[in-house]
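Peer 1: Listed below, chain by chain, are the residues.
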Amino acid sequence: MSDAILSLSNVTKQFGSLLASDNVTLDLRPGEIHALIGPNGAGKSTLIKQIAGEIKSDSGDIHFDGQNINGFDAVARSRMGLARTFQVSSLMPEFSVLQNVMLARQSVSGQIFRIFKPVLGDKSLVEPAMAQLERVGLADRAQMRAADISHGERRQLEMAVALALEPKAFLLDEPMAGMGPEGSKRLTGFLDGLRSQAPILLVEHDMDAVFALADRISVLVYGRIIATGTVDEIRGNDDVKRAYLGEDA
Amino acid sequence: MTMNREFLINTILAFALVAVPLIALGMDEPFIITLATKVAIFAMAGVGLNLVLGYGGLVSFGHAAFFGIGGYAAGILASHALNYEPIMESPFLIEGTTQMIVIWIVALIASALIALVIGAITLRTSGVYFIMITLAFAQMIYYFAISWPAYGGEDGLSIYVRNGFPGINTLDPISFFALCAVMLAITMVFSAVLIRSRFGLALQGARQNPQRMTAVGIAPFRIRLVAFVISAMITALAGALYADLNRFVSPTMLSWHMSGEIMVFVILGGVGRLFGPLAGAALYIILEHLLGGVWEFWQLPLGVLLLLVVLFARGGLVGVLAGERKHV
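Going down the list, the sequences are from chains A and B.
Letter by letter, the first sequence follows residues 1 to 249 of the working numbering.
Letter by letter, the second sequence follows residues 1 to 328 of the working numbering.
Okay, chain B solo, but in the shape it has when bound (with noise of 0.2 Å):
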């Protein structure tokens, strides 16, 4: 029955978040459309936290960092490309790029071994010293961000165009939005199989009795760590496209307020629930919208829900809704 209600509203969710943007584009409100898109990179960049946080009961406190290393892979490549400067001349030659697939691919590769490295270490820790860590490697690479001034330093980087994307004008609100919607799509297919596998099964095991998971023969490190890097991947693809929506990368996008807005996206929306990153992250920025425009404030009854939720709402939005489920 609850599994169900589950998928009720997760049916509703996922055809607010397409329906919402048609609305705008025949009232013609792009403004509206560009929250969309925004309400569907950040659940992006929540589902990815949500596969450490959520199911493997990983609190990182870090990450912005892949959130902004996408970010600055495409704000870097563009650059070089609209710049005409190639990234490196020998041994061989390296062009900048404004096409979103050789960026995302790039964002991929340099999440995943930046996270394998920041993994390797931080998971040989646990509870507070784990989110400590992952918080201070974030805040190394921020610090690296705003001190390195070849990418613009603490003022960031413009994206003058849109990249691309082949059959796609990007710069057309409604377009923008559909890619990033289908992206969304994709990321949450993959978490919601990725979860029913045998990798999943093993890393909630992992969350919920390490000491079974050891008895059974079932080293949970090795287990973290390919959870830690595909969830680091599936964020930092959403910050490619964060830095595309704005045009913009800075070091903004790095700092531990950010991770921290991804963490409130997941909790809010309801921790290890498939939508909870959506409707967390489309809850944050109806709330942002509405209440900052008349008040400056409009924070303050956001910690006051984020209270609510940790002490009376475990599963967030999508808990309360949906009920309690019966097992994983």
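Just chain A, same shape as in the assembly (with noise of 0.2 Å):
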């Protein structure tokens, strides 16, 4: 387990008389989708933001590249290489699609403090920032303004903007949320292909992409694990049967 990038250990977090995350102990090797699933309410999105820095702990350990990252707000670990995505899109509207993935750019580059120079004609954040729209299909949108493009594009720049942070570890949640068949379908593909640059903490409810993914699943019931395997332990897991898929399977 020593290997693992991303490794949180009894990771505690209540709301109230909630309890969000109860003693959530999981990690995410490199080269793997780590899928986490759970029914609606399971805490799935609040352990991303525990992750992500968004949300502090209550107790329990989360360590990021061989360091305690407990202490470190959001800026601090998405600098370390924590890339998260949104499960509603989460992006500034007035820029144009480059405009949003740049800025993601200026962060891995630095210099934010530079005030004579145009952003627009720095090749050293366009050319990459543009290579990013190409690799997630995005590139004859990118003067288009981000409120203007459909949904499913807005999921595709989510990407593109995580991909821009050049990250050691990606945090999605729910990328195909509200995708049709088809993009869903192309997302699977891009994303089996990305866990050799990253390993990936996916959020999904979306059960075929995450069967065809994951390298391993964990399942997450009322803030607690109770289950952690490859798809077929899963699938054969008499708690998970009960707790989750067996209401629709």
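These are computed hints drawn from the structure, not numbers from a lab.
Don't be surprised by glycine CBs; every beta carbon is placed ideally from N, CA and C.
Hints are not guaranteed to be accurate.
Using C-beta positions, here's what the derived DEER-type ranges look like [said to hold, decoys possible]:
| hint | chain 1 | residue 1 | chain 2 | residue 2 | range |
| --- | --- | --- | --- | --- | --- |
| 1 | A | Phe116 | B | Pro30 | 36 to 44 Å |
| 2 | A | Leu19 | B | Arg222 | 31 to 39 Å |
| 3 | A | Ser124 | B | Ile286 | 30 to 38 Å |
Starting from two chains that each stand alone, build the complex the way the hints lay out.
Peer 2: Here's what the structure looks like:
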């Protein structure tokens, strides 16, 4: 387990009387897609927020890239190489698609307080940003306002922004949410190839995608991980069937 | 297309600002030149505020503090120089000055330091709290000026002779106008360059979506603080020129009415538009002059106009004329 890039041990978070994360222990190893599934309200997004540093855990430790990051805020964690996408697209609506990705590139290349160089003529930002847009298939939308592109394209843009950060690990919060079957299929293929670049912690409701992609699956129910294992192990697990898959399987 | 139309409108605005006082000069109407100078100075104060209000989305209701600090920098330094009283003698001698360049540098440094303190505290809040706390800080400085008898207190401070600038007779209205117009142009070019830079992109990003900024590893606070300081410096520079225009500075320059007026220039002209403050200040002065001459309650139609702009034309005057932007 020591080779895990990201590991959570006994992470707990309580909102009033609601236990959102109950002693969660899981890890993310190089080259893998680790899917986190569970019924609505199980605490998946809350857990992503704790890993990303947007919510402070009550107790437990999070290690990333060999360091305990409990004391790091979301900005520091992002800069260390944790890139997250949002369940509901969270973009800069008035920026062009390209500017959205360039902003992420600025973070990587630094010099944020550069005041006199026009950003749109800066090849060291534009070119890598365009490269990421091409990867997700949005290059022809580069000059459109992010507010004006379709929902599916916004999901792709979320991915491009995360890619532009060149992270050491991805936290993807329902990247397929609201996508049509065609888009989901395309994104599944894309994520399949992405794991070799950096491991992915994938929260997803689309079970076809999860079973196609995941090297390991953890099942979260009422804030607790009730099982972790390979796709076959999870499919055969009685607790999981009862608590989760049983509902529609 | 809209881009070109905005460019056209900006050109017309800039041309009008220069042409009107030149025509007034030919017609021997120095009062019109003074009005145009006032427009240039108010526009500049608005350019400062627009940086945080328009591009940064931070509604500062305390920019009169910086406008007044600039004004008092001019007033205090000039009064010491004109009365031959050093500002301090020990441990080393600091004398007053009637040189605008020195005054401007003092105004820039003083406003930057105070903006750094105010910003560091207020930028930890947002929304209505930010508005109220910036207002509170400005009011603190306002009451401080009122209760400080050394520099006139409530009565203010006169500058007997307008401060000087090398190679220019600043007492000549058209020369002083030219100086103010050039300073306005410099701050606008600076502002245009700034918003197109990495820093400008980050500032506008922080306005639209702080959550996303954090997720890509850029802390909005530092970006906003630097913008707040730069914004204050530009407004202070305008304040120094305004004191010299009137040859008088008083706590009125620090009052919340003034903060409101600067805000009106920006909102009326177009929030987040480069030429918005100029359009807004010009419209304000024209209304004040034309309506104010015939009707005591000229601010009533101004209020209605402002209401209409806020409700139906968020891009202000420039927005109405130039149309909506494609993207930032």
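Peer 1: Against each hint, give a clear statement of whether it holds in the structure.
Peer 2: Right, here's what the structure says about each hint:
1. Phe116/A with Pro30/B: 36 to 44 Å: Roughly 38 Å apart at Cβ, these two residues keep to the hinted range, so it holds.
2. Leu19/A with Arg222/B: 31 to 39 Å: 36 Å, holds
3. Ser124/A with Ile286/B: 30 to 38 Å: 46 Å, violated
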